[in-house]
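My request is simple: use the sequences and hints to build the entire structure.
Just so you know, the sequences run in chain order G and B. Note that my numbering numbers the first sequence so that position 396 is 402, with each residue one more than the last. Note that my numbering numbers the second sequence so that position 387 is 393, with each residue one more than the last.
Since no wrong hints were added, every one of them can be taken at face value.
Covered stretches of chain G, going by a simulated chain B footprint (3 or more residues, C-beta under 8 Å):
1. 34–40
2. 48–61
3. 189–201
4. 210–217
5. 234–242
6. 258–267
7. 321–331
Since the hints were made in silico from the structure, they are not lab data. C-beta atoms are modelled at their ideal positions from N, C-alpha and C, and glycine is treated no differently.
Here are the chains, one letter per residue:
2 protein chains.
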Amino acid sequence: MPDTPRKDIIDVATGRRSADLVLKNARIVNVVSHEILEGDVAIFGDRIAGIGRYEADQTIDIKGRFLCPGLIDAHVHIESSMLCVPEFARVVVGCGTTAVIADPHEFANVMGTAGISYVLRTAKHGPIDVYVMLSSCVPASPLETAGAELTAEDLDPFLANPWVLGLAEMMNYPGVIAAAPDVLSKIDIAANRVVDGHAPGLVGRDLAAYAAAGIMSDHECTTAEEAAEKLRCGLFIMIREGSQTRNLEALVPLIRPETADRFMFCTDDKDVRDLMDEGHIDFAIRKAIRLGLDPILAVRLGSLNTARYFGLRGTGAILPGYQADIAVMEDLKDCRVTQVFRRGRLVAEDGHCTDPPISKEGVSSLRSSINVHNLDLLDYAIPAPDGTSADNPPRVHVIEALDNRIDTQRSIEPALVKNGQLIADPARDLAKMFVVERHRASGEIGRAFVRGFNLQAGAIAGSVAHDAHNLVAVGTNDADIHVAIQHVIYTHGGQVVVRDGRILADLPLPIAGLVTDQPAGLAAQKLRDLSEAARAIGCRFDQPFMALAFMSLSVIGQLKLTNQGLIDVDKFQPIPLVAGT
Amino acid sequence: MPDTPRKDIIDVATGRRSADLVLKNARIVNVVSHEILEGDVAIFGDRIAGIGRYEADQTIDIKGRFLCPGLIDAHVHIESSMLCVPEFARVVVGCGTTAVIADPHEFANVMGTAGISYVLRTAKHGPIDVYVMLSSCVPASPLETAGAELTAEDLDPFLANPWVLGLAEMMNYPGVIAAAPDVLSKIDIAANRVVDGHAPGLVGRDLAAYAAAGIMSDHECTTAEEAAEKLRCGLFIMIREGSQTRNLEALVPLIRPETADRFMFCTDDKDVRDLMDEGHIDFAIRKAIRLGLDPILAVRLGSLNTARYFGLRGTGAILPGYQADIAVMEDLKDCRVTQVFRRGRLVAEDGHCTDPPISKEGVSSLRSSINVHNLDLLDYAIPAPDGTSADNPPRVHVIEALDNRIDTQRSIEPALVKNGQLIADPARDLAKMFVVERHRASGEIGRAFVRGFNLQAGAIAGSVAHDAHNLVAVGTNDADIHVAIQHVIYTHGGQVVVRDGRILADLPLPIAGLVTDQPAGLAAQKLRDLSEAARAIGCRFDQPFMALAFMSLSVIGQLKLTNQGLIDVDKFQPIPLVAGT
Chain G
7 MPDTPRKDII DVATGRRSAD LVLKNARIVN VVSHEILEGD VAIFGDRIAG IGRYEADQTI
67 DIKGRFLCPG LIDAHVHIES SMLCVPEFAR VVVGCGTTAV IADPHEFANV MGTAGISYVL
127 RTAKHGPIDV YVMLSSCVPA SPLETAGAEL TAEDLDPFLA NPWVLGLAEM MNYPGVIAAA
187 PDVLSKIDIA ANRVVDGHAP GLVGRDLAAY AAAGIMSDHE CTTAEEAAEK LRCGLFIMIR
247 EGSQTRNLEA LVPLIRPETA DRFMFCTDDK DVRDLMDEGH IDFAIRKAIR LGLDPILAVR
307 LGSLNTARYF GLRGTGAILP GYQADIAVME DLKDCRVTQV FRRGRLVAED GHCTDPPISK
367 EGVSSLRSSI NVHNLDLLDY AIPAPDGTSA DNPPRVHVIE ALDNRIDTQR SIEPALVKNG
427 QLIADPARDL AKMFVVERHR ASGEIGRAFV RGFNLQAGAI AGSVAHDAHN LVAVGTNDAD
487 IHVAIQHVIY THGGQVVVRD GRILADLPLP IAGLVTDQPA GLAAQKLRDL SEAARAIGCR
547 FDQPFMALAF MSLSVIGQLK LTNQGLIDVD KFQPIPLVAG T
Chain B
7 MPDTPRKDII DVATGRRSAD LVLKNARIVN VVSHEILEGD VAIFGDRIAG IGRYEADQTI
67 DIKGRFLCPG LIDAHVHIES SMLCVPEFAR VVVGCGTTAV IADPHEFANV MGTAGISYVL
127 RTAKHGPIDV YVMLSSCVPA SPLETAGAEL TAEDLDPFLA NPWVLGLAEM MNYPGVIAAA
187 PDVLSKIDIA ANRVVDGHAP GLVGRDLAAY AAAGIMSDHE CTTAEEAAEK LRCGLFIMIR
247 EGSQTRNLEA LVPLIRPETA DRFMFCTDDK DVRDLMDEGH IDFAIRKAIR LGLDPILAVR
307 LGSLNTARYF GLRGTGAILP GYQADIAVME DLKDCRVTQV FRRGRLVAED GHCTDPPISK
367 EGVSSLRSSI NVHNLDLLDY AIPAPDGTSA DNPPRVHVIE ALDNRIDTQR SIEPALVKNG
427 QLIADPARDL AKMFVVERHR ASGEIGRAFV RGFNLQAGAI AGSVAHDAHN LVAVGTNDAD
487 IHVAIQHVIY THGGQVVVRD GRILADLPLP IAGLVTDQPA GLAAQKLRDL SEAARAIGCR
547 FDQPFMALAF MSLSVIGQLK LTNQGLIDVD KFQPIPLVAG T
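Structure below.
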C-alpha cells in the first residue's frame with residue numbers, strides 16, 4: 007500500500023487534482039520498456055502519479071538531464087562503511103541510492119538480535135529505505151567466540167517486520183549441502199521470502215543441492231564461468247563491486263539482454279572513504295557502462311532488477327504509482343548524480359545530502375559492546391617452552407598476511423627468544439599478534455606471530471575483526487600492544503596506532519565496536535590518519551586495518567588466530583603455537 | 007515450501023540418495039540462462055533435484071527431445087472451454103500445460119462466491135495446478151441482472167487460500183479512473199498480491215491513472231502501439247490467443263530480448279474444440295516461433311514469466327528445487343508435446359491425459375443455477391402498439407449482429423405486424439430475440455429484434471450469455487422459441503437448436519448453465535452438431551452460439567438486449583423497442 011492514498015494518486019494522474027511537484031524537461035530512463043522518454047514527471051505525496059505533461063505549483067526544471075530510478079544496493083553490510091546507519095544513508099543518498107538491502111551480520115555477531123533491531127530502528131533517521139535480511143550465520147565459525155548465537159527461533163519474529171525481507175547470505179554452504187537441520191530450519195522460516203546465498207566457487211552437484219535447498223542468489227562469483235553455472239542453476243547473480251572485492255569487470259561480459267533480469271549490483275563491503283571517493287551503486291553503473299554494458303540495462307541492474315528480486319513492489323522504476331525515488335544524472339556515461347528525490351522529496355544535490363545532520367537519537371542507543379576481563383602487561387607475554395633458549399629457539403607457526411587479501415598463507419620460523427620470552431623480531435618482520443575475547447569477559451586470549459605487516463615499532467589494534475569481532479592487535483612490543491588494546495577498550499571499540507606509549511592516530515567506534523558515531527567526513531579523515539600512522543611505524547600494507555580485521559576470520563586462508571588460539575583453516579581445528587607439539 | 011522435504015531433495019541433488027525418476031538424454035530448455043543444455047534431470051517426489059548426470063531405478067529415455075517447463079496460462083476463463091474444471095485440465099495437460107491462472111468470472115456471475123469455491127474445489131480432481139484470481143466485476147453492468155454481486159468484503163476471505171493469487175482483470179476501468187470507492191476497495195484488499203487489468207484501448211492520462219491505481223497487467227492489447235504504451239506505464243502484457251480474440255500476430259513484433267520479461271501468454275477464452283484442434287499455450291508458442299520470436303523466449307513467455315509475475319516460486323523453469331512440471335517437445339518448431347510431467351508424475355502422452363477419467367465428485371457438486379418464473383407461449387408475444395397495423399407498422403430498433411464479433415451495430419426498421427403482433431420476418435433477416443432472467447425468477451424478459459443470424463425457421467437458445475448469463479433465444483416463431491427455452495431450463499442450462507417443435511441438437515450445460523459434465527470429446531462433438539443444426543435452419547454465422555452469447559453483454563457494441571430490455575450501450579441506458587417513443 008502506498009502511503010499516499012490511492013484516490014489522490016489517481017486524481018493527480020488524470021489531471022483532476024494538481025501535483026505536489028512536477029519535474030519538467032526530463033529524459034526519463036524507463037527500465038521496463040527499455041527506452042529513454044522525454045516528458046514531465048508528476049509527483050504527489052511519496053508517489054509518482056503520472057508521466058507526460060503535468061502542472062503543479064512547484065516545478066523543477068531538469069534541463070534535459072536523465073531521471074533514473076533511485077538506485078538500490080542488493081547486499082551491503084553497512085558496518086563496513088564504519089558509519090552508523092543514518093550517516094551511511096546520508097553518504098549513499100548523494101550517490102543516487104534510495105534503498106539498500108542490508109545484512110547486519112557484524113552488528114548481529116556482536117550484539118545478537120539487539121544488533122538487528124538497532125539497524126531497523128536507526129534506519130528511520132536516515133534519508134533512504136533500509137531493508138534488512140536476517141543474518142544467517144551468527145557465529146560464522148565454532149572456532150571463534152562471537153557476541154551471540156542466532157538460531158531460526160531467534161530470527162523468526164523479525165519476519166513480521168515489513169522492513170525485513172528474508173534470510174541473508176547463507177555462507178554455511180557446507181551445512182546446506184550436508185542438509186544440517188539447524189541450517190535448513192533457517193531456510194524454512196524464510197521459505198516464502200527471499201533467501202540469499204554466498205557460495206564462492208561452488209560447482210556441480212553441490213551447487214545443485216545448494217540451489218535445490220531454496221537458496222536464490224549468489225554474490226560471490228569471481229569469474230564469468232562461475233556465474234554462468236550459477237545462473238544455470240537458477241541463482242540470481244549479484245555483481246559485487248566493493249572496497250576490496252571487485253567482480254564487475256569479470257562478470258559484465260556474461261550479461262546478455264535475454265538474461266539481464268537475473269543480475270543486480272551490490273557492494274557487500276565498502277568503506278566510507280571509497281564511498282565518498284568513488285560512489286556507491288552509481289559507481290557500478292558507470293563502470294559497467296564503460297565496460298560496454300547497455301546504459302539502460304546498467305541502470306536496471308541497479309534498480310528494478312533488485313526491487314523485483316526482493317519483491318519490493320512499486321519501487322525500482324519511474325512509473326505511475328511507483329514510489330517517487332529518483333536519481334537525476336547528468337548523462338548516462340559519467341553518471342554524475344546531480345539531484346536525488348526519495349519518496350517525492352529532494353534529499354540530495356550535487357552529491358550531498360540536503361537533510362539536516364542526523365540527531366542524537368539517530369546515532370546510537372546501543373549498550374557498550376566491550377566486555378573484557380582485566381588485562382595487564384603480562385597477558386601479552388609468550389613464555390619460551392621448556393628446553394628452548396635464544397640459542398635453541400622453538401620453531402613456531404607464523405601467519406603470513408597478504409596485502410589486499412583476506413586469506414593468509416603459513417610458515418614455520420624459529421622464534422626470537424629473550425629472557426625466557428618469545429618476542430617480536432622486526433628484522434624478520436615477525437610481529438606478535440593477540441586476539442582478546444571481548445564479548446563475555448572470558449579472559450581468553452589467542453597468541454601468535456604474524457609476518458607481513460612489517461611493523462618496525464609500536465602496535466596497531468582494533469575491535470573490527472571478522473566475523474566475531476574480538477579485539478585484535480599486532481605489535482612489536484608488549485607495552486605498546488597493551489596501550490593499544492587498552493585504548494580500544496577505553497573508546498568502547500575502535501582502531502588505534504600506538505608508538506612508544508603514545509596514540510599516533512585513532513578512530514573510536516563506540517557503536518558495537520564497529521562503527522563511529524561521527525560524521526562521514528571526519529571518519530574518512532581519521533581513517534586516512536590511521537593509515538598514515540601505520541605507515542609511520544613501518545606498515546607497508548595498502549589497508550593495514552582491513553588486513554588486521556581479517557586475521558581472525560577462521561573460515562578462509564591457511565592459518566588464522568582467534569581467541570581460541572591458532573586455527574589451521576584447512577583442517578578446521580586449533581593447532582599449537584610451537585610447531586610439532 | 008516444497009511438498010517434498012528439503013533434506014530429501016538435497017540428498018538426491020548431491021547423489022547421496024537415488025532419485026525417483028531420471029529423464030535421460032534430454033535437451034533442457036533453460037529459460038533462466040537462455041540456453042539449451044544436454045543432460046539428465048533427476049526427479050524426487052514432486053521436485054526436480056538436479057540436472058547433470060544422475061541415476062535412479064526408473065529412467066525414461068527422452069531421446070534428445072526438448073524438456074520445456076510445464077506451460078502456464080496467465081489468464082483463462084475455464085468456463086469458455088464449456089468443460090468442468092478437471093476435464094478442462096485433462097485437455098490442456100495434453101498440450102503441455104501444467105498450471106493455469108483462472109478467473110472464474112462466469113461461475114461467479116451465476117453462483118457468486120459458491121462459483122469461486124466450486125473452481126477451487128473441483129480443480130483438485132484434475133491433473134494441473136489451477137490458481138484462482140478473484141473476479142473483480144460481478145456483475146459487469148447494472149443494466150443486466152446477474153446471479154450475484156461480489157463486493158470487496160465477499161472476496162477478501164478467499165485471499166487466505168494459497169491457491170488464490172489476487173484480483174482478476176479489473177474491467178471496470180472507468181471506475182478505477184473515477185476512483186470509485188467500491189472499486190478501489192477491491193484493489194486495496196489485493197494490494198500486496200497480484201491485480202490484473204483489462205483496459206482495451208486505454209491511453210494517456212487515463213492509462214497512467216489506471217496503472218497508478220495499482221493495476222499490474224493487461225491482456226486486451228490489440229496493436230503493438232497500444233501494448234507499447236501500456237508497457238511504458240509498467241503494465242505486464244499478457245498476449246492473448248483464444249478462440250475469438252487473437253492478438254499474438256499483432257504483438258509479437260513488440261517483444262525484444264530486453265523487454266521479454268514483461269510478456270506472457272494467455273488464452274482468456276478458448277472453447278473445447280479449439281483446445282482439442284489447435285492446442286493451448288503450446289499453440290501460442292508454436293505460432294510465436296513461426297512469427298519469428300526466439301524459441302527460448304517463446305517458451306519463457308509461456309512459463310517462467312508467468313510464474314514470476316504471479317509469484318509462483320519454484321515453478322516455471324527446469325531448475326534444481328523447482329516443481330517437476332515438464333513438457334517434452336519433439337522440437338522447438340512444431341512444438342509437438344509428446345509427454346507431460348506434473349509434480350514429478352507422468353500425466354500425459356501424445357497429447358492425451360494418461361490419468362483415469364475424472365470421478366463423479368470431480369465433476370459437479372453445485373446446485374442448479376436455473377431459477378425461472380413459469381413461462382408460457384404468450385410471454386413471447388410482442389403486441390403491436392396502439393395505432394399501428396400491418397399497413398402502418400411501427401419502426402423498431404434492431405440489433406445488428408456481426409460475424410465473429412462481440413460488438414453490434416444498430417438500425418431502425420419497420421416491424422412486420424400480423425394479428426396485432428410484431429413478428430419475425432425471415433425474408434428481411436429479422437428474428438425475434440428474448441432474454442429471460444434466470445437467477446431470481448423475477449419474470450423479467452427483454453424483447454427485441456435482431457438481424458444477422460439469418461434464421462429461416464426454428465430457434466436457438468442458450469444459458470451462456472455474457473456476463474450475466476441469463477437465458478437468451480433468437481428465433482423465427484414463438485412456438486420454437488418457447489420449446490428452445492423450455493429445453494434449456496429442463497437441462498439445467500445448455501444450448502439448443504429447435505425446428506418445428508423438435509430438438510435438432512443440444513448440449514446440456516448443467517453446471518451453472520455454463521459448462522458440461524461430459525467428457526471433452528463428447529462436448530466437442532455436440533458443439534459441432536449444434537453449429538450444423540444452426541446452419542440447417544439458415545444461420546450463416548461461423549459460431550452461432552458465440553454470437554448468441556454476446557447479444558446481451560451490455561458494455562460493448564451499440565445496441566444489446568438484457569433482461570431489462572434494449573440497452574443503448576453508448577448512452578448506457580435502456581431504450582424502448584419502438585423507435586421515437
